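If you want the building blocks of each chain, they are given just below.
There are 2 protein chains.
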Amino acid sequence: MPYVHPAVLEFEKMVSDKEAYRRQLEEWVKYSWRWARNDKYKLVFRVQASALRAMREFLDSKGFVEVLSPIVGPVTDPGIRGAKQATIDFYGAEYKVMSSAILYKQYMAASLGKIYFVSPNIRLEPNDSIYTGRHLVEFYQLDLEMYKASYVDAMDLAEELVAYTVKYIKDVHGKELEEKLGRQLPEFKRPFKRYSHREAIEYVNKLGCKNPPREELMWECEKIMSSYHDSPFFVYDYPRGARGFYDREDPERPGILRDFDMLYPEGFGEAISGAEREFEPAKLVARIREMGEDPMKYSWFLQMAKELYPLQTAGFGIGVERLTRYLCGLRAVWEARPYPKVAGIVGGP
Amino acid sequence: MPYVHPAVLEFEKMVSDKEAYRRQLEEWVKYSWRWARNDKYKLVFRVQASALRAMREFLDSKGFVEVLSPIVGPVTDPGIRGAKQATIDFYGAEYKVMSSAILYKQYMAASLGKIYFVSPNIRLEPNDSIYTGRHLVEFYQLDLEMYKASYVDAMDLAEELVAYTVKYIKDVHGKELEEKLGRQLPEFKRPFKRYSHREAIEYVNKLGCKNPPREELMWECEKIMSSYHDSPFFVYDYPRGARGFYDREDPERPGILRDFDMLYPEGFGEAISGAEREFEPAKLVARIREMGEDPMKYSWFLQMAKELYPLQTAGFGIGVERLTRYLCGLRAVWEARPYPKVAGIVGGP
Numbered sequence: 001m002p003y004v005h006p007a008v009l010e011f012e013k014m015v016s017d018k019e020a021y022r023r024q025l026e027e028w029v030k031y032s033w034r035w036a037r038n039d040k041y042k043l044v045f046r047v048q049a050s051a052l053r054a055m056r057e058f059l060d061s062k063g064f065v066e067v068l069s070p071i072v073g074p075v076t077d078p079g080i081r082g083a084k085q086a087t088i089d090f091y092g093a094e095y096k097v098m099s100s101a102i103l104y105k106q107y108m109a110a111s112l113g114k115i116y117f118v119s120p121n122i123r124l125e126p127n128d129s130i131y132t133g134r135h136l137v138e139f140y141q142l143d144l145e146m147y148k149a150s151y152v153d154a155m156d157l158a159e160e161l162v163a164y165t166v167k168y169i170k171d172v173h174g175k176e177l178e179e180k181l182g183r184q185l186p187e188f189k190r191p192f193k194r195y196s197h198r199e200a201i202e203y204v205n206k207l208g209c210k211n212p213p214r215e216e217l218m219w220e221c222e223k224i225m226s227s228y229h230d231s232p233f234f235v236y237d238y239p240r241g242a243r244g245f246y247d248r249e250d251p252e253r254p255g256i257l258r259d260f261d262m263l264y265p266e267g268f269g270e271a272i273s274g275a276e277r278e279f280e281p282a283k284l285v286a287r288i289r290e291m292g293e294d295p296m297k298y299s300w301f302l303q304m305a306k307e308l309y310p311l312q313t314a315g316f317g318i319g320v321e322r323l324t325r326y327l328c329g330l331r332a333v334w335e336a337r338p339y340p341k342v343a344g345i346v347g348g349p
Numbered sequence: 001m002p003y004v005h006p007a008v009l010e011f012e013k014m015v016s017d018k019e020a021y022r023r024q025l026e027e028w029v030k031y032s033w034r035w036a037r038n039d040k041y042k043l044v045f046r047v048q049a050s051a052l053r054a055m056r057e058f059l060d061s062k063g064f065v066e067v068l069s070p071i072v073g074p075v076t077d078p079g080i081r082g083a084k085q086a087t088i089d090f091y092g093a094e095y096k097v098m099s100s101a102i103l104y105k106q107y108m109a110a111s112l113g114k115i116y117f118v119s120p121n122i123r124l125e126p127n128d129s130i131y132t133g134r135h136l137v138e139f140y141q142l143d144l145e146m147y148k149a150s151y152v153d154a155m156d157l158a159e160e161l162v163a164y165t166v167k168y169i170k171d172v173h174g175k176e177l178e179e180k181l182g183r184q185l186p187e188f189k190r191p192f193k194r195y196s197h198r199e200a201i202e203y204v205n206k207l208g209c210k211n212p213p214r215e216e217l218m219w220e221c222e223k224i225m226s227s228y229h230d231s232p233f234f235v236y237d238y239p240r241g242a243r244g245f246y247d248r249e250d251p252e253r254p255g256i257l258r259d260f261d262m263l264y265p266e267g268f269g270e271a272i273s274g275a276e277r278e279f280e281p282a283k284l285v286a287r288i289r290e291m292g293e294d295p296m297k298y299s300w301f302l303q304m305a306k307e308l309y310p311l312q313t314a315g316f317g318i319g320v321e322r323l324t325r326y327l328c329g330l331r332a333v334w335e336a337r338p339y340p341k342v343a344g345i346v347g348g349p
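Protein chains in written order, with the working numbering: chain A, 1 to 349; chain B, 1 to 349.
What the hints contain is simulated information worked out from the structure, not anything from laboratory work. Small disclaimer: the values here were computed from a predicted structure and weren't measured. Each hint should be verified, as a subset may be incorrect.
Same chains, same names: a pair is fine if it fits in one copy or spans any two.
[Said to hold, decoys possible] In silico DSS-like links for lysine-lysine, alpha-carbon gap of 25 angstroms or less:
{"#": "1", "residue 1": "K193", "residue 2": "K30"}
{"#": "2", "residue 1": "K170", "residue 2": "K62"}
{"#": "3", "residue 1": "K40", "residue 2": "K148"}
{"#": "4", "residue 1": "K13", "residue 2": "K180"}
{"#": "5", "residue 1": "K62", "residue 2": "K167"}
Model the full structure from these sequences, guided by the hints.
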C-alpha cells in the first residue's frame, strides 16, 4: 500500500494556490526570527544539531577525518542542472561560491584516506524551485569521500549512516518528536532495497508514471516510488548523460555510470547522491567537453588527476536540511533553515 | 623572560625577503595537493579535526546547540578594517558572503539560548596581509553566542574552552606532535591573566612598544606582550571607535566597550575576539552611522532588535586555522588550510 506523509500532502495543498503560497513564503523568509523562536522550530534545530552529532560520531568511529571544505574556488561542481553558480571577484579573477565541493573532496581523500565535510553550498535555483519543497538556494551537505573505494562500498556506508542517524534521533528525541510534531520515526529494515536505474524505470512505469528511459527519475515518479517503500532505497547505475563528468563510466559497460541515489520513503524523495569518480585524465577531458564546459577551467583538477594517478575514490553527499525535513516530518526544506534562502525571494536576514 | 616560538621566528625570516617569500607562497597555493599529502600536514589536518571535536564536545556538554550558519546575506559584519567583502548577485540584489556572522548569531541565541556555528568566512584582505602569517581570505571560525550573558561570562567560557581543547590535543596527539612537528604543548595555568586595554597599553609601553592609547593593540606590540606570557591572556574594555558597532558601550562608563580579545602566548597573537552586544535600537542606529554605514542596510537586524528587546547576548569567535597554527606550532595560517586562499594570489584549487 502506498503511503505519503501528511506533511508532504499538506505541502502539495499549500502550493496548489501559487499566489497565496508565494506571499506566505515571502513573510516566512522576511521575518524568520519570529517563527525560529516557536517551540516547534526550537525542536527542529535541536534535532538538526543531534543529526550532525550522530553522523560525526558514526564517521569518526569508522576512521573518517572531518575537513573544513573550501567556500569559494576557481571551479565548483557544474552538475547542477537548471541552477546557476554564484560568482565573486577574487582579486581580479572570477571565483565561484561552492555549489558542491566534489572535486575538492577527492583531493583530501588522497591525503587522509577517508574524509568528510559539512560543506556550505549556494545554488541559484530557478524561480519555480520554490514549489518543490526540496530546494534551497543556501544549504549544507555532509559530503564524504573514500580513497580506493567502490560505489558499492559507498552504498553500504550510506545505508549504515542513515540507519544509525535515524535510530539515534529516535532514541534521543523520539518522544518529543511525537508529542510536538506528531512525527513517529520508523524502524528501518536493512539491507535497503537496491534498484538499477533500468529496474527503477520499470517499477515506476508499472505504477503509471512515464519516465524517459535514459534520464534521471522525475520528481513525480520518485515520489510515487518513495510512497511504496517504508525504508530508504537505492537507485544505481544511471545512464551516462544524466550526471556530472566526475561520475565514473563503467569500463565494462559503456554508457553506464557507477553511481547511485538514495531515496527516503513516505514521499520525501532524494536523500543522497553518490558515485565512484572518473580518474582517467583523457576521459575526464572528453566528458568535461561533452558538457559544453572548457577543460582549461579545471586545469588544477586535471593536473592533480595526472599526478596522483589513479586517483580512485568514491563518496556521496547527504543534504542536511532534507535529512532534517525527513526526521521531523516537515512540509518543506525551508522549515529546516533558520535563515532560509529560496529562489527569487529577497529581503530576509 | 620573553619567549617566541621558533616557527614564528622562522616565518619572520621567510618574509624578510618579500620577493622570494611571495614566489614560495604562490607555489604553495598552486600545488597544495602535493604538500597536503606529506606526513606533517596529514597530522596537522587530523589535529584540526580533533580540535573541532574537542570544542563541540565541550560546548555540547554545556548545553550549547550547533547551528548551521548563514553563508550569504544582505549584510555581514562590517567591522573588518582594511578587508573588503565578497558580493554576489542574489536574484538582482547585492548579497555578501559572510565575513563574520555575528548579527545572525544573536538571532539564534534568542531562540535556543546558547548556540555555536562553525562558520565559513570570506574576507578580501589587502595584498600586504600575506606577510602577517595570520590572515587568510577564506577561513572558518567557531562562533558562539549566549542569551542573557555578560562579557565576563564569555571570557570565563573562552578560558575553559581553550584550556579544554589544548589539554585534549595534548592527550590525543601530544606524542605525535612532539615527534613529527617538534611541538611541545604547554600545560596552562588558570585563570588566564586579564588586562584592561589601558593596562595592556601601559604594559607594552614599558617594553618599549609605543601604541596609540585609544587604538587596538598593534600586531608588533601584541607579539611582544604575547612573548612575555606562557598561558593565553585577555585584553578587555577596548575604547569605542576601535571596534564594531555591535560591541556594547558600557552605560556606566561612556567611551568604553564591554568587549575583549584573548591572545595566545609564544608570539602567536590573537586567538579570540568577543563582546557583549549593543541592544538599544537608538544606539545601534547612531553607531552604524558613526561607522559611515547606512542603517537601512541593517533594517532586518534593527527590526529584530526592537521586536526582541532587550536582545541581550554575549559571545565570541575563535579562528580555527589560528588555533591549529598554535596547536601545531606552524609558521603561518596558510599551513592550516588544505586549499589556502591568500590575498592577491590566484590560480590554486
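Now the hints, each set against the structure:
For the homomeric pair K193 and K30, neither the shortest alpha-carbon distance inside one copy (41 angstroms) nor that between copies (44 angstroms) is at most 25 angstroms. In the homo-oligomer, the alpha carbons of K170 and K62 lie at most 25 angstroms apart both inside one protomer (22 angstroms) and across protomers (22 angstroms), since each shortest distance falls under that limit. With identical chains, the CA atoms of K40 and K148 are at most 25 angstroms apart between copies only, with a shortest distance of 22 angstroms across copies and 43 angstroms within one. Taking CA atoms no more than 25 angstroms apart as the test, K13 paired with K180 passes inside one copy only; the shortest distance there is 22 angstroms, against 61 angstroms between copies.
Taking the shortest Cα distances, K62 and K167 sit within 25 angstroms of each other both inside one copy (17 angstroms) and across copies (24 angstroms).
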